[in-house]
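**Q** Each chain, written out:
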Amino acid sequence: MPEIFVGKLWDQLVSGATASNSEDTTVLFEEIVKPASILFRALGGDQGLALKTAQSTIHQGKQNWLQQLSGIEQKVELAWCDDEALYLPASINLLPQDRLNRELYFWLAALAVEMRPGLWFIENQQATLRLLEKFPGLQARYQRLVYALLSLRPEITTLSYDSAIQEQAIYQALIKPGSISLLPSAPNPWFPIYLWFHPTPPFGGNNQLIPPKKLAEFEPSDDTQSTAKDQRRHKAERQEIQERKDGFMMFFRAESILTWAEYIKVNRPTEDDENTDAKRAADEMETITVTRDGKQTASRIRFDLDLPPEDSDETKLESGILLPEWHYKKQLYLKDYCCLQPVVATNTKTCQLPVHLAAVARRIRHQFESLTSVRTWLRKQTEGTEVDVDAYINHLVEVKSGTFKTDLQLYKTHQIQERNLSCLLLADLSQSTDAYVNNHARVIDVIRDSLFLFSEALSATADQFGLYGFSSLRRDNVRFYTIKAFAEKYNDQIRGRINAIKPGYYTRMGAAIRQAGKLLAQQTTHQRILLLLTDGKPNDLDRYEGRYGIEDTRQALREIRQQGIKPFCITIDEKAGSYLPYLFGTGGYVVIRQPSELPRQLLSLYAQLTV
Amino acid sequence: MTKAAIHIAAATDQHAASEVPFYQPHGDEVELFEHAYNKQLPLLIKGPTGCGKTRFVMHMAARLKRPLYTVSCHDDLTATDLVGRHLVNDSGTYWNDGPLTRAVRNGGICYLDEIVEARKDTAVVLHPLTDDRRILPLERTGETLQAPVQFMLVVSYNPGYQSFLKGMKPSTRQRFVSLRFNFLDAAQEQQVVIAETGIDLVTAKQLVKLASALRALKQHDLEEVASTRLVVYAAALIKNGFAPIEACRAALVEALTDDEEVTAALMEVVYACFGE
Ligand SMILES: Nc1ncnc2c1ncn2[C@@H]1O[C@H](COP(=O)(O)OP(=O)(O)OP(=O)(O)O)[C@@H](O)[C@H]1O
Ligand SMILES: [Mg+2]
Numbered sequence: 001m002p003e004i005f006v007g008k009l010w011d012q013l014v015s016g017a018t019a020s021n022s023e024d025t026t027v028l029f030e031e032i033v034k035p036a037s038i039l040f041r042a043l044g045g046d047q048g049l050a051l052k053t054a055q056s057t058i059h060q061g062k063q064n065w066l067q068q069l070s071g072i073e074q075k076v077e078l079a080w081c082d083d084e085a086l087y088l089p090a091s092i093n094l095l096p097q098d099r100l101n102r103e104l105y106f107w108l109a110a111l112a113v114e115m116r117p118g119l120w121f122i123e124n125q126q127a128t129l130r131l132l133e134k135f136p137g138l139q140a141r142y143q144r145l146v147y148a149l150l151s152l153r154p155e156i157t158t159l160s161y162d163s164a165i166q167e168q169a170i171y172q173a174l175i176k177p178g179s180i181s182l183l184p185s186a187p188n189p190w191f192p193i194y195l196w197f198h199p200t201p202p203f204g205g206n207n208q209l210i211p212p213k214k215l216a217e218f219e220p221s222d223d224t225q226s227t228a229k230d231q232r233r234h235k236a237e238r239q240e241i242q243e244r245k246d247g248f249m250m251f252f253r254a255e256s257i258l259t260w261a262e263y264i265k266v267n268r269p270t271e272d273d274e275n276t277d278a279k280r281a282a283d284e285m286e287t288i289t290v291t292r293d294g295k296q297t298a299s300r301i302r303f304d305l306d307l308p309p310e311d312s313d314e315t316k317l318e319s320g321i322l323l324p325e326w327h328y329k330k331q332l333y334l335k336d337y338c339c340l341q342p343v344v345a346t347n348t349k350t351c352q353l354p355v356h357l358a359a360v361a362r363r364i365r366h367q368f369e370s371l372t373s374v375r376t377w378l379r380k381q382t383e384g385t386e387v388d389v390d391a392y393i394n395h396l397v398e399v400k401s402g403t404f405k406t407d408l409q410l411y412k413t414h415q416i417q418e419r420n421l422s423c424l425l426l427a428d429l430s431q432s433t434d435a436y437v438n439n440h441a442r443v444i445d446v447i448r449d450s451l452f453l454f455s456e457a458l459s460a461t462a463d464q465f466g467l468y469g470f471s472s473l474r475r476d477n478v479r480f481y482t483i484k485a486f487a488e489k490y491n492d493q494i495r496g497r498i499n500a501i502k503p504g505y506y507t508r509m510g511a512a513i514r515q516a517g518k519l520l521a522q523q524t525t526h527q528r529i530l531l532l533l534t535d536g537k538p539n540d541l542d543r544y545e546g547r548y549g550i551e552d553t554r555q556a557l558r559e560i561r562q563q564g565i566k567p568f569c570i571t572i573d574e575k576a577g578s579y580l581p582y583l584f585g586t587g588g589y590v591v592i593r594q595p596s597e598l599p600r601q602l603l604s605l606y607a608q609l610t611v
Numbered sequence: 612m613t614k615a616a617i618h619i620a621a622a623t624d625q626h627a628a629s630e631v632p633f634y635q636p637h638g639d640e641v642e643l644f645e646h647a648y649n650k651q652l653p654l655l656i657k658g659p660t661g662c663g664k665t666r667f668v669m670h671m672a673a674r675l676k677r678p679l680y681t682v683s684c685h686d687d688l689t690a691t692d693l694v695g696r697h698l699v700n701d702s703g704t705y706w707n708d709g710p711l712t713r714a715v716r717n718g719g720i721c722y723l724d725e726i727v728e729a730r731k732d733t734a735v736v737l738h739p740l741t742d743d744r745r746i747l748p749l750e751r752t753g754e755t756l757q758a759p760v761q762f763m764l765v766v767s768y769n770p771g772y773q774s775f776l777k778g779m780k781p782s783t784r785q786r787f788v789s790l791r792f793n794f795l796d797a798a799q800e801q802q803v804v805i806a807e808t809g810i811d812l813v814t815a816k817q818l819v820k821l822a823s824a825l826r827a828l829k830q831h832d833l834e835e836v837a838s839t840r841l842v843v844y845a846a847a848l849i850k851n852g853f854a855p856i857e858a859c860r861a862a863l864v865e866a867l868t869d870d871e872e873v874t875a876a877l878m879e880v881v882y883a884c885f886g887e
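Protein chains in written order, with our numbering: chain A, 1 to 611; chain B, 612 to 887.
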């Protein structure tokens, strides 16, 4: 990723400028993401926000400052948040001890909890005040960080008069948060303030292609340079803004636009520069997104599709099963919003178990046969493996009182209890399963093998099972494939259907889960389990991604839990760690790092889940 | 019944203590309990672990001057363990009342803690006792006991795993008066911590703030939630001279997780409350 590369370069420069042979004090985002998210939530942060890495932002202050040093244009990673995520730098090594760099990460995670909409310069100070008041334990840490970071700031004596006044104000605002209400302007931009959040999200959420619209909006209207490409992009983007309007994403609100205007005014020395910079940033953004989303085709397609107007999104759906969807911002169900199309492949060729699975299948079947039953003690038996002491004592009492019966039941024995369980395996058949996991297999191949082995194993038990798959292309086309209905016998025809599964489009998880829940609810067994097999997050073209998709999925899971169904998720999305607990709870999912492990893991999991 | 179980039953066979144990009410549960007692209705208390259920029942028993029979249910607990059984000694066999039977005979309060853990067959003896008949048939001795007005059945469980009510007949289910306990609000919890340990107000406040921060992690990051009990333990350690950070680590953090990364994160929360 280019920005990381540039970041590295910058890091080298800085360390070259400060200490030549200091050890590496870099703390990576990956190292702190889990504890920092926990801290964020514990201090009251939004449970649904994910922590992500920030993309670097062109920061004029740093650029100029560094230009003096090296003549190289620089980008700097600042933290910011929106309603999808809290973005933190991919790595921090500003400070001479890794402990301090780590503390800076934690500080940002904590400060994020208190950030409210408002003027950037004031709000960062106020949030700091509030946080320190609520959690006074952070005061020592704050001071430590302030002093460490102040020492990185430019010497006031080296600055021009205006810049010195400005720098003085920043100093004061850091040392005594809340004490400065106005940032004096200066022709040159200031050096970045790493303890604070960035005034506005420089770009949209991570995988949404929203170019820096604020820059665009503040381009002078007589800008004749903008190309057709730009226009198209801005059109798509406007819709995004529309969608966000009702939300609580306050950073996008008018007051923050003011902030941004102010920011630009202060930052951009001349109008000419502003235009070229804005352009360059936008273009760079585009390239970054394209290179970034090797996997995220959704955002690229969204970009190219030139999205239809919002109204056409409201057209009535005709055939298929209508299902609701949860709109988390509105906190209500969109009734009959999704149309699910049940699909059964009819003309698939029958087939036998693939030979490469034969040996494993035999072994697994054998193991699973022992799962059929639960052993418990059966008391008061006429025959049995052990004496039932209770029954015996009772018998003695009865003998004494002369009321004993002749059919003596003085033993206990093991009872074999039939299991009473149904399991629905729901496989994600989205486009991303087309990706290769190694030289010979794609995700879909691994899922196929898993379905085979799972079926082989379960048909050796008395457990009821069904196999289904899903993929979607917008809300009116959620395809729900029946591979094996509960009532169907597992045979060569079913094997043929398993063999025929192939990657589809997107992942509208909520609808699929709701439908799976309906099917499971029809099962009369004592226990009902939904096993979701997936390789990524919920996503679809029409709004269904990021937080929206996750919240709908979460709601769908809540619904089926209420019906007494136990959901469990197996995923091969390495980055899934952050949102899965939010959906499935701790212990409600496993992340499989090595996709080829999936079949084996699936079975051992099943065994554990159902005991 | 195993020896241990008999022992527990005997040990908790407490007679109306003259001193009423401290209890900080959440809301109007004291009045509700008294109402149920006066109307001879069974009471069901739901709530997470360590939120004061046991303490509440002890408090109420003392207040109403009734003996309390507490049974901690477990998955091996059968109806026989509650009702009683024949035992053998040198001179032969003799009948030994279980805690439920004793509570009925003596007009006491029988408290079945974590009732869902008990075997299914326990419901059979509870039915006639909790519906309007209020009787306890002792199959083994041929007796049928009529519960006196002072007898009361209280059951508790931690919802989330299973529902106790589902296993009950509607006629029984509808008679239960239900109470849901949650954690106390901050000011109340501070009172408890101070009353239980004699710790100073400032520390009590910090501990309660820490606890509520940790409670925000329920479901998402932690399976267990920091209970008032754990807060009281931490306060007791501090009162005994432990450094707050170490006390919180020992009594709260390590009790909530085994995962090292999560431990580190929880310690960050401790630092945010207590400093480093
Ligand atoms: N409302 C309260 N008033 C007084 N003390 C309380 C209260 N709530 C909790 N405590 C303290 O917490 C400790 C644990 O409470 P208690 O044993 O009653 O919990 P519980 O709800 O019965 O938990 P469990 O489900 O684990 O049995 C008590 O010993 C007491 O110190
Ligand atoms: Mg208890």
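Hints are not guaranteed to be accurate.
Below, in silico cross-link-like pairs of lysine-lysine (BS3-like), each with a Cα-Cα straight-line distance of 27 angstroms or less [said to hold, decoys possible]:
1) A/Lys134 x B/Lys650
2) A/Lys566 x B/Lys816
3) A/Lys52 x B/Lys731
4) A/Lys349 x A/Lys489
5) B/Lys657 x A/Lys330
6) A/Lys349 x A/Lys330
7) B/Lys731 x A/Lys34
8) A/Lys134 x B/Lys816
9) A/Lys349 x A/Lys34
10) A/Lys412 x A/Lys380
11) B/Lys780 x A/Lys566
12) B/Lys816 x A/Lys176
13) A/Lys176 x A/Lys330
14) A/Lys34 x A/Lys176
15) B/Lys816 x B/Lys780
16) B/Lys850 x A/Lys518
17) A/Lys380 x B/Lys650
18) A/Lys566 x B/Lys850
19) B/Lys731 x A/Lys412
20) B/Lys780 x B/Lys850
21) A/Lys329 x B/Lys829
22) A/Lys335 x A/Lys349
23) A/Lys134 x B/Lys657
None of these hints come from the bench; they were simulated from the model.
**Q** A separate judgement is required for each hint: does it hold in the structure or not?
**A** Hint by hint, here is what the structure shows:
Pair hint lysine 134 of chain A plus lysine 650 of chain B does not hold up; C-alpha atoms about 46 angstroms apart against a cutoff of 27 angstroms. The hinted pair formed by lysine 566 of chain A and lysine 816 of chain B fails the criterion: a straight-line CA distance of about 39 angstroms is larger than 27 angstroms. A hinted pair counts as satisfied when its Cα atoms are at most 27 angstroms apart, and lysine 52 of chain A with lysine 731 of chain B does not qualify at roughly 49 angstroms. With a C-alpha separation of about 16 angstroms, the suggested pairing of lysine 349 of chain A with lysine 489 of chain A holds against the 27 angstroms cut-off.
For the given pair, lysine 657 of chain B sits about 32 angstroms from lysine 330 of chain A by alpha-carbon distance, which is inconsistent with the 27 angstroms threshold. Between lysine 349 of chain A and lysine 330 of chain A the CA atoms are separated by roughly 47 angstroms; this puts the pair beyond 27 angstroms, and the hint is violated. Pair hint lysine 731 of chain B plus lysine 34 of chain A does not hold up; C-alpha atoms about 42 angstroms apart against a cutoff of 27 angstroms. With a CA separation close to 11 angstroms, the supplied pair lysine 134 of chain A and lysine 816 of chain B stays within the 27 angstroms bound.
Distance restraint check for lysine 349 of chain A and lysine 34 of chain A: the Cα-Cα separation of roughly 47 angstroms exceeds the 27 angstroms cut-off, and the hinted pair is therefore not satisfied. Using a Cα cut-off of 27 angstroms, the hinted pair lysine 412 of chain A and lysine 380 of chain A holds, with the two alpha carbons roughly 6 angstroms apart. A distance of roughly 25 angstroms separates the Cα atoms of lysine 780 of chain B and lysine 566 of chain A; the hinted pair therefore holds under the 27 angstroms criterion. For the suggested pair lysine 816 of chain B and lysine 176 of chain A, the alpha carbons sit about 26 angstroms apart, so the restraint of at most 27 angstroms is met.
Of the pairs offered as hints, the one joining lysine 176 of chain A and lysine 330 of chain A is violated, with about 39 angstroms between alpha carbons and a cut-off of 27 angstroms exceeded. Distance restraint check for lysine 34 of chain A and lysine 176 of chain A: the Cα-Cα separation of roughly 31 angstroms exceeds the 27 angstroms cut-off, and the hinted pair is therefore not satisfied. A hinted pair counts as satisfied when its Cα atoms are at most 27 angstroms apart, and lysine 816 of chain B with lysine 780 of chain B does not qualify at roughly 45 angstroms. Distance check on the hinted pair: lysine 850 of chain B and lysine 518 of chain A sit about 55 angstroms apart at the alpha-carbon level, beyond 27 angstroms; violated.
For the hint linking lysine 380 of chain A to lysine 650 of chain B, the alpha-carbon distance of about 40 angstroms lies beyond 27 angstroms, and the restraint is violated. In summary, the hint linking lysine 566 of chain A to lysine 850 of chain B is not supported, as the alpha carbons are separated by about 44 angstroms, beyond the 27 angstroms threshold. The hinted pair formed by lysine 731 of chain B and lysine 412 of chain A meets the criterion: a straight-line CA distance of about 18 angstroms does not exceed 27 angstroms. At roughly 49 angstroms between alpha-carbon atoms, lysine 780 of chain B and lysine 850 of chain B are farther apart than 27 angstroms, so this suggested pair is violated.
Straight-line distance between C-alpha atoms of lysine 329 of chain A and lysine 829 of chain B comes to about 23 angstroms, which keeps the hinted pair within the 27 angstroms bound. Taken as a hint, the lysine 335 of chain A and lysine 349 of chain A pair is broken in the structure, with Cα atoms around 39 angstroms apart against an allowance of 27 angstroms. For the proposed pair lysine 134 of chain A and lysine 657 of chain B, the alpha carbon gap of about 31 angstroms is over 27 angstroms, so the pair is violated.
Comparing the model with each earlier hint shows violations of hints 1, 2, 3, 5, 6, 7, 9, 13, 14, 15, 16, 17, 18, 20, 22, 23; every other hint is respected.
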